[in-house]
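Top to bottom, those sequences are chains D, A and L. Residue numbers for the first sequence, in this note's numbering: 3 to 129. Residue numbers for the second sequence, in this note's numbering: 60 to 342. Residue numbers for the third sequence, in this note's numbering: 1205 to 1587.
Hints in this document: simulated from the structure, not taken from any laboratory. There could be a bad hint or two in this list.
Derived DSS-like pairs (lysine-lysine); straight-line CA-CA distance at most 27 Å [unchecked claim]:
hint : chain 1 : residue 1 : chain 2 : residue 2
1    : L       : K1487     : D       : K101
2    : L       : K1451     : L       : K1405
3    : L       : K1259     : D       : K101
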Amino acid sequence: MDCIDSFNFNRFNQGDTMRVLSEVIKNIVRKPFTHKYPHQPIVLPHGFRGDFTWYKEKCVFCEICERICPVGAIKVDRGDVKKYEVDVGKCIFCAECEKACPKDAIDLTEKLTPVETERTKTIRKLQ
Amino acid sequence: MIMNIIEVLLVPIFLGFIYEGILRKISARMQNRIGPPIWQPLLDFVKLLSKESFEVVGSHHFLISFLSILSVVSLLVIGFTFPFINLLNFRWDFILVIYLLMFSSTCFILAGFSFPSPYTLIGSTREITLLLAYELPLIIILLFFGMSYHSLLSLPENLIFSFPLFFISFLLITQAKLGYQPFNIGEAEQEIVAGYLTECSGFELAMFNLAKSLRMFIMISLASILFFNFKNILAFVLSSFIILFFVILFRVTLARFRIDQGFKFLWIVSIPLILIDLIKAIL
Amino acid sequence: MHDMMIPFGPAHPALPEPVYLKLFLDGEEVEDVDFSVGYNHKGIEKALEEMDYFKNVFLSGRICGICSSAHSTCYTLGVEKLLNIEIPDKAKFIRIIVSELERLQSHLLWLGLLGHEMGFDTLFMLAFREREYVLESLELMTGKRVVHDINTIGGVRRDLSHETMIKLVKNLEILEGKIEYFRKLVRKDFLIKKRTLRIGKLDKKDVEELCLVGPVARASGVLYDIRRTDKYLKYDDLNFKIVTQRKGDAFARTLVRVREMIESMRLVRLAIAFIEPGPTRVKPILFFPEKEVISRVEAPRGELIYYIRSNGTDKPARVKIRTPTYANLLSLKKILVGYTLADVPVAVASLDPCLCCTDRVTIVKNGKEKIIKWEDLHDHEHH
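Produce the complete structure using the sequences and hints provided.
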C-alpha cells in the first residue's frame, strides 16, 4: 500500500518554463487575489473567535469564568460594588469562558480586537 | 541654457524611476497581487536621503560616497548623448558607451571590495565573474555597430529584422547587466544578505539605487535605439515598452542561477548566436 | 584549508528560523559546518508544569505556529493514555481532518519557501495563494486560521456541521486542481531541477545511522511513518499510501512532500465520508495515577514525541518534548560539506526546519557550556 513516486531523469529532457509562463500570462488579466486591508474591510466567518463582549444583564457573578481562564485575563469582584475586568491583551481567544458560562453572558464575536498602543489601555473595566 | 541642463539631468532620472516602478507594478500583477504604486522608487529615494548613513569601521566612508556619485554621473553622461535628450549637442560615440557602461558596474564592485565584510566580498567576486561572461558579447555587438555605421544619423531603422540573433543575445545581456532573475547573482538575497550593497545605507544606498534605475533606462533605450526606430518618438516609446516587457517576463518566470550555471549559460548561448549573425553579416 | 568563515547567522534574510551556522569556506566551496541552536528557548517545559492538565492543552498548541495541532493532539493523546479513557469515534475523525489539513498548509508553506530560497519569488506567491483555501477551511471548522484549539482532554471542542462539510469538500475540489498543477510544475520546470538535483544527498545508511525522521527519511528509501506503525486515532481504518523515493537529494524531498499533499487531501475526503453522528467528547474521570507515558504523532515534519510523568496531583511533574527538527539537524554536516555556498539555503530549506519548537537545555557551569543528556534530565525534577 506504499508508493514510490517514480521519476525518470533524462539528460536531454531538461524541462521548460511553460507552466509558470502560462500561469503568469493568465494572471495579468485576473483580478488581484490580495486586497488592501485595512482600507477594504474583510468579512469574518460565522464561529470566528474574536472580540470579547460581556452582557451585564445576564451575568450573575459566579466567577466560573475567572477560574477557567488559562491565562487569568478575567477578574471578577463579587463584593458590594460588583466589578468585572478583562485584560484583552492577555486573552488568547480560546473561548473556554464562553463555553463555561452557565448564563451565556460572554460572547466572542466576529469582530477583530482594536489595536492599542499602550499596555494599560488593554484592560477593560466593564460596568 | 540652465533650463537645458536641468532638463537633461532630470529626464533620465525621472524616466529611470518610472521604468522601475512599472517593472515592480507589472511583476506584482503577474504574481496575482496588487503591488506598489508606480512612483514608489521615487518615494524610496527621497526617504533614503533623509536617513543616517552608518560608517563601517575599516572602510573609507569618503571612498564609498565618491564611488556612488561616480556611478550615477557616468550613466548620466551616456544619457546626455541620447536622442530626444541631447539638448547640449553632444556627439554620439559607441566607444564611450562601452566604456561608461562597464565603468558604472565597476564602481559597484569596487564599493563591495572596500568593506571588510565577507558578504560584500563574495558578492563582488561573483559580479566580476559574471562581468566576464556578459561584457564580451556586449562589446562585440557595440563594436560591430560602431564600425559598420559610424554615427547615429546613418543607423538604419528596424535593424531587428536583419540581425534577430543579435537582439535575442542583447536581451540576455540586458538581463545580466541589470541584475534581475535569472542573473541577480551579485545581489542574491538568500545567500549573501545583499551582496555588494550589504553595508551601504542612507545617502550611498540612495545613489546606488538611482544608478540601478538609470542603468535600466540606459540599457533599454540603447536596445531601442539600435534595433528599432528612434527617429519617431512614438515608435521609440513603444519599442522601449516591448523590451521592458521582456525584461519583466524573464524576471518573473525564472529562478536564479548558481554562479557557475549562469556563467556557462551566457557563454554557451549568447556567444554562438552572435557569431552566427556576425558571419552572416560579413558574408 | 578554509580561508573564510561566513556566519549564516541567527538573523538572516534567507531562513526565517534562528539557527547559527558557521560555514568555513574555501572560495565558494563549503568545507566544514558548525551550528548551534537554542536561540528560541522559551521555557515551555517549565511553564507546562505550572498549570493543570486542562489548561496545558492551550499552551501546547502554541509551541509552534505551523504544527500547532500536532503538538496539541500529541499532548492530549498522552494524557488520555494516562487517564485510560477512550474518546468517541467522531472526535477521532475530526482530529484526523484537522491534522491532515494542517499537514497540507505546512507543505504548501514549505513549497513557497523553497521557491524563495532559489530566488523564484513567483512560486512563493502562487503557493501562498493556494494556502489561503486551506486556511479558510480551517477557519470554518475551528474558528481560527493558525492556532486551532480544537482538542481537549476527552475529545474535541467543536462539532462538524453538515454545511461546513459541504464547504470543505468544495474547497478540496478547488485545491486538487491546483496541487496537480504544482506537481507538474515541480517535475517539469528546468530551473527547479537545476538548483535541487543532486544537492544535499543522504543515503539510506546515513538515515539509519543518524536516526532521521519525516519526509527527509522517506526520501532516502526508509519506510518510516508513525501513522502506519503506531496506528493512533483511526488511521488504520483509512486506506492511504506512504510516499518514498530512492535518491535522497533535495529534489527527491520535494517530490515526496508534493505527493504527500495529494495523500492528505485524500485522507480528508475519506474521513469526511466515514463520519457518523455521535458525541464529540467524553467527560473524563479525574483520577491521575502515578505513571509515565510516551505518545507519538506524525507531525508535518516527522515524528513528535511527548513524555509526560505525573505524580498524583492535577499538575504534571515533567513534560519532555522531542521535536522532529531536533533529530533532523544532525544531518546538517552531511548535506552541506562538499557543496557550494549557493546550495546552502536550498539544502537547509529542503530539511524543512521549524526551529521555534526545538529547544535544547544548556547548563553553564564555571563559564563553560555543557549539554545535558536525556538521562540527566530524568533526575532533574522540578518541585
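### Message
When the structure is checked against the list of hints, which entries are broken? Sort them ascending.
### Response
Result: no hint breaks.
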